[in-house]
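Number of protein chains: 2
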Amino acid sequence: MKPCFFAVIFFLVFNVSAQTDAEIFKSIYSTSLTNGKSYHWLDYLSNQIGGRLSGSLNAEKAVAYTKEELELLGLDKVWLQPVMVPKWVRGGKEYAFIETASGLTSTVNICALGGSIATPIGGLKAQIVEVKSIEALKTLGKSAVSGKIVFFNGAMQADLIQTFEAYSGCSEQRYAGAMEAGKLGAVGVIVRSLNLRLDDFPHTGSMTYGDLPNSQRIPSAAISTNDAEKLSSMLALDKNIKLFFNQTCQQLQDVQSYNVIGEITGSQFPNEYIIVGGHLDSWDLGDGSHDDGAGTVQSMEVLRLLKESDIKPKRSIRVVLFMNEENGLRGATKYAEIAKQKGENHIFSLESDSGGFTPRGFDFQSDDAFMTKVEGWKSLFKPYLIHYFEKGYSGADVAPLKTDSNVCAGLRPDSQRYFDHHHSDNDLFEHVNKRELELGAATMASLIYLVDKYGI
Amino acid sequence: MKPCFFAVIFFLVFNVSAQTDAEIFKSIYSTSLTNGKSYHWLDYLSNQIGGRLSGSLNAEKAVAYTKEELELLGLDKVWLQPVMVPKWVRGGKEYAFIETASGLTSTVNICALGGSIATPIGGLKAQIVEVKSIEALKTLGKSAVSGKIVFFNGAMQADLIQTFEAYSGCSEQRYAGAMEAGKLGAVGVIVRSLNLRLDDFPHTGSMTYGDLPNSQRIPSAAISTNDAEKLSSMLALDKNIKLFFNQTCQQLQDVQSYNVIGEITGSQFPNEYIIVGGHLDSWDLGDGSHDDGAGTVQSMEVLRLLKESDIKPKRSIRVVLFMNEENGLRGATKYAEIAKQKGENHIFSLESDSGGFTPRGFDFQSDDAFMTKVEGWKSLFKPYLIHYFEKGYSGADVAPLKTDSNVCAGLRPDSQRYFDHHHSDNDLFEHVNKRELELGAATMASLIYLVDKYGI
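If you're matching them up, the sequences are chains S and V in order.
Taken in order, the first sequence gives residues 1 to 456; the numbers are from UniProt numbering.
Taken in order, the second sequence gives residues 1 to 456; the numbers are from UniProt numbering.
A few of these clues could be false.
[As the list claims (entries may be wrong)] Here are the simulated EDC-like pairs of lysine to aspartate or glutamate, each with C-alpha atoms no more than 16 Å apart in a straight line:
1. V:K26 - V:D310
2. V:K37 - V:E60
3. S:K26 - V:E69
4. V:K382 - S:E390
5. V:K132 - V:E229
6. S:K37 - V:D159
7. V:K37 - S:D159
8. S:K382 - V:E390
9. V:K26 - S:D159
10. S:K242 - S:E99
11. S:K132 - S:E172
12. V:K402 - V:E337
13. V:K402 - V:D310
14. S:K138 - S:E165
15. V:K312 - V:D21
16. V:K87 - V:E130
17. V:K230 - V:D254
18. S:K453 - S:D159
Treat the hints as calculated values from the structure; they're not laboratory data.
Bound-form chain S, shown alone (with noise of 0.2 Å):
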């Protein structure tokens, strides 16, 4: 009788351990969309503080909601790290026209990039060339670009699945269009917004001059996607139209800010750390719902559901509010910075920032036997309908914890609707469907739970 006696509680034990997950993801799913706080959180970042760039009054609004926010939670610890942000403003409202050479003009929708310095007072008025990206401008060279303004009109790839390959595709333009153009001799760059949609929205984002002299320095706007064709085509019929734009954006001396963390400590190896989080600061445009608010709300949402599905966690489970993740990364290099100075053992780390759509599943930047152990936990998920578990990039504020034996992770939600907000006006609380931040929410919580108590 005995082998038999011992299997039944082999079978017990293996079943009620079993159970006990799929209850768990059960109760975790339950409560964020039954119970769930995300989206009421996501609706005063959104409509109560709005875009909070980093150095803004509002990224401190933000920074101070959060805290608080989670001191409510009863977590073991929450505190600030501080950390120096760059400063950038926008100044007055963009505007820009296209002139034709008989004096006929019309408006374009542009906004300055992040990081970009003004026009000259008054704004700039030059002839156009358009190019499609970096490598078409510099075998153009000096001569063509030379006191004209360079405008790259690379469109994101539309056959693409994934919309972030598209976006990697020709961010480039954005980000040193104006460095390259401006070694050319270049008086100023537009570039086409980074947007699968024909719509009238520009989308900001990061630039840099890099090592640049101040002389060599010029303004770099975003222009919408209408525009952008529309310009195209003018520039097919006449070369020698103008374009007419004004910035006053500036960039000012770097201010005190800070990263926003909190803590359930582990009762067991409260020295192995896992975190979650995305970045509180968002650029100034729209009210940084998608980027990141989701993010952030749902990193928070992650201690609150393990705390209200009453799991008690082995290993320190923290939030992550990280700052300046738009123009700068300064938060996520001083955490990972004060987490080496502290010999902190960081076994994992889990962002959110790919907007608050219906989570698909995860990308992991991790090795072979973690990818074996995440193949175990997919039945747990199907019924959730999350599928995608891939060897893949982490995320901009997570990477730098990167090292040999641990692992990085970033959700990975729907993107096809991504870039028709991001970066944007269009980046708004009414473009989140509660559902989907909290079913982003739970998806998170659940993958915590399992890396928490199985380990990497």
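Given the coordinates of chain S, assemble chain V onto it according to the supplied hints.
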């Protein structure tokens, strides 16, 4: 050397075949995303025609428009299949308010349910009895219900991941609520809108009186979820409040309409039919973009994508735009009846009627042998993030074609936002994302290609 030679040949043949399917997928997806027609067609259906309830002038415009567009595709045949359809008209805009004992009034947003009778001229005012389901109504019995307005306030279950399950879970109150309340002597019915979100849109949908005598038929309307919450809260404070509502809808005589059908005749097995379809009618609220403008234009696009990708199908591929799915299913019934009369062998029927959102996969009404076949196709779909291939219900329009030996299937897009729009003024073109619509069309075309090539 010979075995080696044959191995090479086998390898080449095997590889060419595998590559060809992957290449054709790539061509289909790329064409849909970069040179698609579906979004353009949807724009016309939604913005130039609009809501197109069976029997309306708009429905006839939609018949004429889609027939004309299919003719432009150069299919082998395009024709109209006559079918008599019900004609229900909404009349003037509905009006409703809550009245407290002290005579204070508060307006609420309602809309008549499709098929409902009007209120008495000048409207109807009565006390309210709130229930969560038909079962709860029956438990209350005649004495509690007689002379009152029954308020069905069953909410869709938020923690079901598949929102169509949440819909099925409480759609009975909308469909049969007035019939059951009428039997118990109620004077009217108000039903909480089938919407997972709290907002101000009332959502219509079909209802029935069964074979209830005219004397027991009572008017029935949907109320927005926000107003359902308000009404319920006010009732909790005071059972004696009353509801007034006025609607002037009526059921007229059946009228002539049509299914719109186009065909590419098969090169090898012309008598084996593969169909792809959606329904051309919609409710009169909104413009019917998701339900089912999306399915209509995606189905048309499938045939265009096959032609654009130079696929000459072995079997006959038909697009069928069904009339009257919403309030009668007459088009589907007629199509199945004629197919049976003519002895047409419909081996596979695919429906898209779950909105124009990012596609996730398909449900199949099929035997295990076909599911095994599908298992072998999964890797082709993986690069397009199509992962969901399950046994399940196909759709209302193609299910009548199901036999023991064929397969019916339904496209399964992401369902999280669907009921924000369904059957309401919020079902609008602006809520359909071009890429998501186009990915759905390509996913359908890719499946149809495989079914034609490899059979079921």
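Structure-based check of each hint:
Taking the CA atoms of K26 of chain V and D310 of chain V, the gap is about 13 Å. The hint holds against a cut of 16 Å. This hinted pair does not check out: K37 of chain V and E60 of chain V have alpha carbons roughly 21 Å apart, beyond 16 Å. Of the supplied pair hints, the one linking K26 of chain S and E69 of chain V is violated, its CA atoms being roughly 48 Å apart against a limit of 16 Å. Between K382 of chain V and E390 of chain S the alpha-carbon distance is near 12 Å, which keeps this suggested pair within the 16 Å criterion.
As the CA atoms of K132 of chain V and E229 of chain V are separated by approximately 12 Å, the hinted pair is consistent with the 16 Å bound. Taken as a hint, the K37 of chain S and D159 of chain V pair is honoured in the structure, with Cα atoms around 15 Å apart against an allowance of 16 Å. Between the alpha carbons of K37 of chain V and D159 of chain S the distance comes to roughly 15 Å, so the proposed pair stays at or under 16 Å and holds. Distance check on the hinted pair: K382 of chain S and E390 of chain V sit about 12 Å apart at the alpha-carbon level, within 16 Å; holds.
Restraint check: the Cα-Cα separation between K26 of chain V and D159 of chain S comes to about 9 Å, which is no more than 16 Å; the hinted pair holds. Restraint check for K242 of chain S and E99 of chain S: the C-alpha separation of about 5 Å stays at or below 16 Å, so the hint holds. As the CA atoms of K132 of chain S and E172 of chain S are separated by approximately 11 Å, the hinted pair is consistent with the 16 Å bound. Restraint check: the Cα-Cα separation between K402 of chain V and E337 of chain V comes to about 12 Å, which is no more than 16 Å; the hinted pair holds.
Annotation: proposed proximity of K402 of chain V to D310 of chain V is violated, straight-line Cα distance about 30 Å (limit 16 Å). Taken as a hint, the K138 of chain S and E165 of chain S pair is broken in the structure, with Cα atoms around 24 Å apart against an allowance of 16 Å. The straight-line distance between the Cα atoms of K312 of chain V and D21 of chain V is roughly 14 Å, inside the 16 Å bound, and the hint therefore holds. Distance restraint check for K87 of chain V and E130 of chain V: the Cα-Cα separation of roughly 31 Å exceeds the 16 Å cut-off, and the hinted pair is therefore not satisfied.
With a C-alpha separation of about 38 Å, the suggested pair K230 of chain V and D254 of chain V falls outside the 16 Å cut-off, and the hint is violated. With a C-alpha separation of about 40 Å, the suggested pairing of K453 of chain S with D159 of chain S is violated against the 16 Å cut-off.
In this structure, the earlier hints numbered 2, 3, 13, 14, 16, 17 and 18 are contradicted, and the remaining ones agree with it.
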